[in-house]
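Chain residues, written in single-letter form:
Protein chains: 2
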Amino acid sequence: MSELLEKAKKLKTASKALAILTTEEKNEALAKMADRLLTEKELILTENAKDIQAGKENGFSPSLLDRLLLTEERIEQIVEGIRQLIELQDPIGETIEAWERPNGLQIHTVRVPLGVIGMVYEARPNVTVDAGSLCLKAGNAVLLRGSTSALHSNKALVKVMRDALAESKIPADAVQLLEDTSRETASQMFKLNQYLDVLIPRGGAGLIQSVIQNATVPVLETGVGNCHIFIDENAQKQMAVDITINAKLHRPSVCNAAETLLLHENWPYIPEILHSLKEKGVELRADEELAAQYPFVKKAVEEDWQNEFLAPILAVKLVKSVKGAIQHIDEYGTKHSEAIISENGENVRLFFQAVDAAVVYHNASTRFTDGEQFGYGAEIGISTQKLHARGPMGLRAITTTKAIVQGTGQIRS
Amino acid sequence: MSELLEKAKKLKTASKALAILTTEEKNEALAKMADRLLTEKELILTENAKDIQAGKENGFSPSLLDRLLLTEERIEQIVEGIRQLIELQDPIGETIEAWERPNGLQIHTVRVPLGVIGMVYEARPNVTVDAGSLCLKAGNAVLLRGSTSALHSNKALVKVMRDALAESKIPADAVQLLEDTSRETASQMFKLNQYLDVLIPRGGAGLIQSVIQNATVPVLETGVGNCHIFIDENAQKQMAVDITINAKLHRPSVCNAAETLLLHENWPYIPEILHSLKEKGVELRADEELAAQYPFVKKAVEEDWQNEFLAPILAVKLVKSVKGAIQHIDEYGTKHSEAIISENGENVRLFFQAVDAAVVYHNASTRFTDGEQFGYGAEIGISTQKLHARGPMGLRAITTTKAIVQGTGQIRS
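Line order of the protein sequences matches chains D and R.
Counting along the first sequence from 1, when you hit position 148 you're at 147 in numbering that gives the first Met the number 0, and nothing is skipped either side.
Counting along the second sequence from 1, when you hit position 108 you're at 107 in numbering that gives the first Met the number 0, and nothing is skipped either side.
Just chain D, same shape as in the assembly:
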């Protein structure tokens, strides 16, 4: 039997035992994992060094090497993440709704684990533990499929996690690393409906598309954020400037960063905001009118409206009204996070109603689209699809429901 099938079967079996553990039993297991990651730090760092060495030999970019790198401090951060996870409320067993039917049937829906989750990700070894521990807390077994370039690190991390689980009520088999990182095996994994309940890809647009294109297992799509800020005619000057700079520059490489600024043509502070952005080192790419007016503003091309820059670059466009802004977002948005800065209640209502996105903001930065910022305490990703979960996904997003019907002999007539 292939490694994939063998591990998938073990996961399925382990998921049954895991699903019925108490919160305390799961938390104890997570605490053992946290402790052991610290005591086994040396092993993890040694194995990570092999990946880093190979990455250097293969000419990885500094940013890629940085993502791959584990340090003592980063391991401590990962462990701190597990400790915070332990404190979070367990969603499993929650009653969602309860009602009685006229025939006396008592129905209640309760929250239960999804079963087995397939995580597909890139060269970030921290995801191995972060996502793995989240899945376990919500009662799910997890198949981890990381990248070849992080294989030494992932093997070490999963060994440590499984050794810790072996001393707990969670079966060690509830966490499995797919060591065969070939494309063919990935394709098989994406079609393993018999054993996997959901796939969660985490990474760049290429990875996510490859999962969506090839999967028959349902996918929780986490994705691209081409986020817009619309500054309305009467927006407050300082607030608009602060929010735009924050949304663009606080962390340009992430999906909730702003990529396009839509300016109401009558807003009085257009020169000020453009100069402020320029001073902060933002490259501006604007429509013809603005590009002609400001020597430091480049002319935007079609791709600038379409793509995430993930860098200190901002597309800028003049619009005639909130409707013009909505129309532009309709055409180019990726349904992630969209903001309006305005003092006009009517325009805000229209924006909230008409803009199709996971999260819409009024007078706040798009950077708040995040599980922790939403108060979920932990995040498995940000969903840009409409089924199951939309926006930041916390523990509840990796659960499902079961309807329990209690009768006294009812039959259907």
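These are calculated hints, taken from the structure and not from any lab test.
Please note: incorrect hints may appear among the correct ones.
Since copy identity is lost for identical chains, a pair holds within one copy or between any two.
[Said to hold, decoys possible] Capping the alpha-carbon separation at 30 Å, the derived lysine-lysine pairs in BS3-like fashion look like this:
(1) K322 - K8
(2) K279 - K298
(3) K158 - K15
(4) K190 - K154
(5) K319 - K9
(6) K319 - K11
(7) K322 - K9
(8) K319 - K15
Given the structure of chain D, go ahead and fit chain R onto it with the hints provided.
What follows is chain R alone, placed relative to chain D:
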């Protein structure tokens, strides 16, 4: 441009206008549809007669012809369905959760339409109106892809629906029939992520699998129900007999009918229930022990445990305990509906906890897994997947959420 692309684009545009209509505006449009289906009855019956004629020429089975057939009475039933739908609460605009963050951000999540739904179904013209009107009530535009054999009927029905919408606030373009019913075009439709938010296949296992295997658009899987009834050691005799007969015979052709009876070997009324089932005309296929004991019981083969009979045939197996029943269901169940008949609370708790299914029953027939029986008032299908919606799907299952965040200038630090 192909018919598919042209209609998909129109649906996308129409969905935006539809999404922001009030409940009253949607209900008025539905009422106009209901009225017009009655006044245009003749047209519909004439067109349906063409499909029936062609079906006969093509040697369709009587049951297939019956599914295809529209009569005056059936049109009136369809219209009655729309009138009931008008009475149902509109899920759109519901506030799901509302909370405040320590930084003062006000977050609330509201229910919004999915957008554009692709319905894929077989030769049942009633689905055209039933599913189409459900989608509209929840603010969704809908692309209907029925079968070639019902094309005349579907064209007439969709013409009548669109003519009615043209006199209402819902754009007529919110309902489109895909007249090109080729396999190639269906494949294109299943991958039209740019325009379709979800696919809902309704029909046999073959249709559903073909959608799942070929789709990149997220699918709401409605599916196969290999449902079990477990009669525990101390189950009440009459209740167990009544429930089993109801679950098997009330409507054998549907997914929530029972297909396998698991009998605790010490239940004292085994001969009685087998004789009762036989008298009701049920063909029994059992394990070796029972088959040897009762001349009217055939020996079951492996497929009998695996498949839906969808007919008055029941597989029967002796088990030693509730755990034996759970194990059998684990192996052969399709996660649809599973019942335990028992007076032992501990066994019921174990069954509820360990059986992985959309709906689990105690002392009631599996036939209650149904949107109307659950009190949802209408049903778009019964989900056997774990993402998004599980079990009977009412109006809420064809909605998604939007998070609305109101700030006073908050930026992320």
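Consistency of the hints with the structure:
no., hint, result
1, K322 - K8, "between (53 Å within a copy, 20 Å between copies)"
2, K279 - K298, "within (19 Å within a copy, 80 Å between copies)"
3, K158 - K15, "within (22 Å within a copy, 51 Å between copies)"
4, K190 - K154, "within (24 Å within a copy, 36 Å between copies)"
5, K319 - K9, "between (59 Å within a copy, 25 Å between copies)"
6, K319 - K11, "between (56 Å within a copy, 24 Å between copies)"
7, K322 - K9, "between (54 Å within a copy, 20 Å between copies)"
8, K319 - K15, "between (58 Å within a copy, 21 Å between copies)"
Against the hints set out earlier in the document, no violation occurs for any number.
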